[in-house]
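Each protein sequence line maps, in turn, to chains S and B. For what it's worth, the numbering used here labels the leading residue of the first sequence as 93, then goes sequentially. For what it's worth, the numbering used here labels the leading residue of the second sequence as 12, then goes sequentially.
Source of the hints: derived by calculation from the structure; they are not laboratory data. Beta carbons: idealized from backbone N, C-alpha and C, even for Gly. Take these hints with a grain of salt, some might be off.
Which residues of chain S face chain B? A few of them, derived with a C-beta cut under 10 Å, are [claimed, not checked]:
1. Ala-157
2. Leu-158
3. Thr-246
4. Arg-249
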Amino acid sequence: VRAAVVVFPGSNCDRDCKVALERSTGAQVNMVWHQDTRLPDGLDLIVLPGGFSYGDYLRCGAMAALSPVMREVAAAAERGVAVAGICNGFQILCEAGMLPGALLRNAALKYVCKPVSLDVVNAQTRFTAAFGARREATMTVGNGEGNFFADEETLDRLEGEGQVVFRYRENPNGSSRAVAGIVNRAGNVLGIMPHPDRAFEAELGSADGALLFQSVLASA
Amino acid sequence: VIEFDLTGEDAAGARSRVDAMCQRLLANPVIEGYRVDIAA
Chain S
93 VRAAVVVFPG
103 SNCDRDCKVA
113 LERSTGAQVN
123 MVWHQDTRLP
133 DGLDLIVLPG
143 GFSYGDYLRC
153 GAMAALSPVM
163 REVAAAAERG
173 VAVAGICNGF
183 QILCEAGMLP
193 GALLRNAALK
203 YVCKPVSLDV
213 VNAQTRFTAA
223 FGARREATMT
233 VGNGEGNFFA
243 DEETLDRLEG
253 EGQVVFRYRE
263 NPNGSSRAVA
273 GIVNRAGNVL
283 GIMPHPDRAF
293 EAELGSADGA
303 LLFQSVLASA
Chain B
12 VIEFDLTGED
22 AAGARSRVDA
32 MCQRLLANPV
42 IEGYRVDIAA
């Protein structure tokens, strides 16, 4: 199995993602610079990591969404390659129009960094199959703009079509309907605000993030 | 407010260029509105 982690200027979870993927799945992980115009062949998963790409200039993820590599990421997603955007990666996917909605400032206007308890709302996606019958997961959030927003019609559609994958048990940031993670309609693009890359072995407080990486690479 | 100096275009051309910039990058239409004023 092969994965790539895209590195934007200001990414700061790129190496965490590489280690998390390697240790939890044994995947070969390539780091891809955001100005690259070609992705490695035969990828099963592309990760857009957390961080502050372009210093959050203009809006979180807005500049990175126009990075050259994103054309290739969008084309790969069209071909069915799995794409996971974590935290800033989720913001980038929304700004790129690959996922619906947007991430606003947290309702309390403060950066929130803590472990959160999540409902696994849909365990039948490519990203959650390994959760099996488990309906709870613990991961850490760390963001200032994690407040998921979409209009009511979009939220109804996301819920109705099983695209809401993770939900906060206690909403830390004001996200609409406590949404913590969604997939696109085709089910191969995931955006998640909490960090599976900070929860991939018990020593980190939770190994639930490993299940996410194992799900997507086992389905490859 | 973001100001642009555009040369060699009439008002309609300038408006459509700035509108495209807003749609593509400067504004996120999911959460933001914008208004374009042309000062000839």
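Each hint tested on the structure:
no.	hint	result
1	Ala-157	holds (8 Å)
2	Leu-158	holds (6 Å)
3	Thr-246	holds (9 Å)
4	Arg-249	violated (14 Å)
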